[in-house]
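Hey, can you work out the whole structure from these sequences and the hints?
UniProt numbering puts the first residue of the sequence shown at 1, with every later residue one more than the last.
Read the hints as simulated data drawn from the structure, not as lab findings. This one's a predicted model, so the numbers in the text were calculated from it and none came from an experiment. Glycine included, C-beta positions come from ideal geometry on N, C-alpha and C. Be a bit skeptical, because a hint or two may be false.
[Said to hold, decoys possible] Pair ranges (Cβ atoms, derived):
1) Asp140 / Val66: 22 to 32 Å
2) Arg183 / Ile147: 19 to 29 Å
3) Asp68 / Lys103: 28 to 38 Å
4) His114 / Leu190: 45 to 55 Å
5) Val104 / Lys61: 25 to 35 Å
6) Lys61 / Thr137: 21 to 31 Å
7) Ile147 / Leu190: 47 to 57 Å
8) His114 / Gln154: 45 to 55 Å
9) Lys144 / Glu70: 26 to 36 Å
10) Arg183 / Glu62: 21 to 31 Å
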Amino acid sequence: MSPQGRPSSRGPALERGQDQYRLCRSERLRTRPVARRSAIHCSSDREGLIPVTYASVIQLKEVIPVRDLELLTDFEREGEASDTRLERALTDATSEINSYIGKVVHLPLNEPPHLLTVICRDLAMHRLYLNLGHDMTSLDKVRKNWIETLKSIQSGESSIGDDGNGPDQLTSPGVAMTDGPPRHLTRDSLRGY
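So, in structure tokens, the structure goes:
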């Protein structure tokens with residue numbers, strides 16, 4: 001029952017606190033607590049787990065102009081942007097990110113770095129605009145750069161953030177020079193000028 005005395009269609013778990021629970025769908029419906037900023041990698045669809053994304057719907061709405069938001073998500077012309085479609089784009093982007101970093105880091109990430117939030121947001125935005133049919137040249141470049149970044153993370157060339165657990169690496173594998181040829185311009189040679 002809802003607080004107004006009407007039967008609730010959302011189920012008992014969501015009545016306890018909508019922000020504490022998320023409805024997970026599969027052959028059977030069940031609920032589970034979801035951490036605020038954790039990413040959960042789904043192992044199979046049978047479990048019915050919906051991955052929590054690296055970026056939130058609010059963060060995605062911040063970078064999309066208001067006039068485009070309705071065009072991107074409101075296919076039924078109800079006059080309101082559909083958070084469900086935005087969440088779906090973010091879920092797809094998170095899955096794509098996990099496919100690259102899954103062998104490098106242990107999933108799920110408890111506290112994903114800010115870089116993954118930005119990548120997830122931009123990949124979701126690319127997916128939404130692609131469905132709309134906008135000019136994609138600038139978004140294609142952004143997507144290509146993020147995919148290259150994810151590939152370099154996958155190959156170990158770059159890191160997703162400073163977690164403090166990894167080994168320290170030199171910024172340059174070269175040798176530091178301590179001696180060199182004599183300097184031609186010194187304080188003594190420039191006296192009098």
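Here is how each hint holds up against the structure:
Checked against the given bound of 22 to 32 Å, the beta carbons of Asp140 and Val66, roughly 24 Å apart, stay inside it. In this structure the hint that Arg183 and Ile147 lie 19 to 29 Å apart at CB is violated, the actual value being about 47 Å. One distance hint, 28 to 38 Å for the beta-carbon pair Asp68 and Lys103, holds here, with the actual separation near 36 Å. The hint said 45 to 55 Å for the Cβ distance between His114 and Leu190, and at roughly 48 Å that hint holds.
The beta-carbon spacing between Val104 and Lys61, approximately 30 Å, falls within the hinted interval of 25 to 35 Å. For the hinted restraint 21 to 31 Å between Lys61 and Thr137, the CB-CB distance of approximately 23 Å keeps it satisfied. Distance hint check for Ile147 and Leu190: the Cβ-Cβ separation is about 52 Å, which falls inside the suggested range of 47 to 57 Å. A hinted range of 45 to 55 Å is violated for the C-beta pair His114 and Gln154, which are about 19 Å apart.
The hinted window of 26 to 36 Å between Lys144 and Glu70 holds, with their beta carbons roughly 28 Å apart. At roughly 53 Å, the beta-carbon separation of Arg183 and Glu62 lies outside the given 21 to 31 Å, and the hint is violated.
Checked against the numbered hints above, the structure violates hints 2, 8, 10; every other hint is satisfied.
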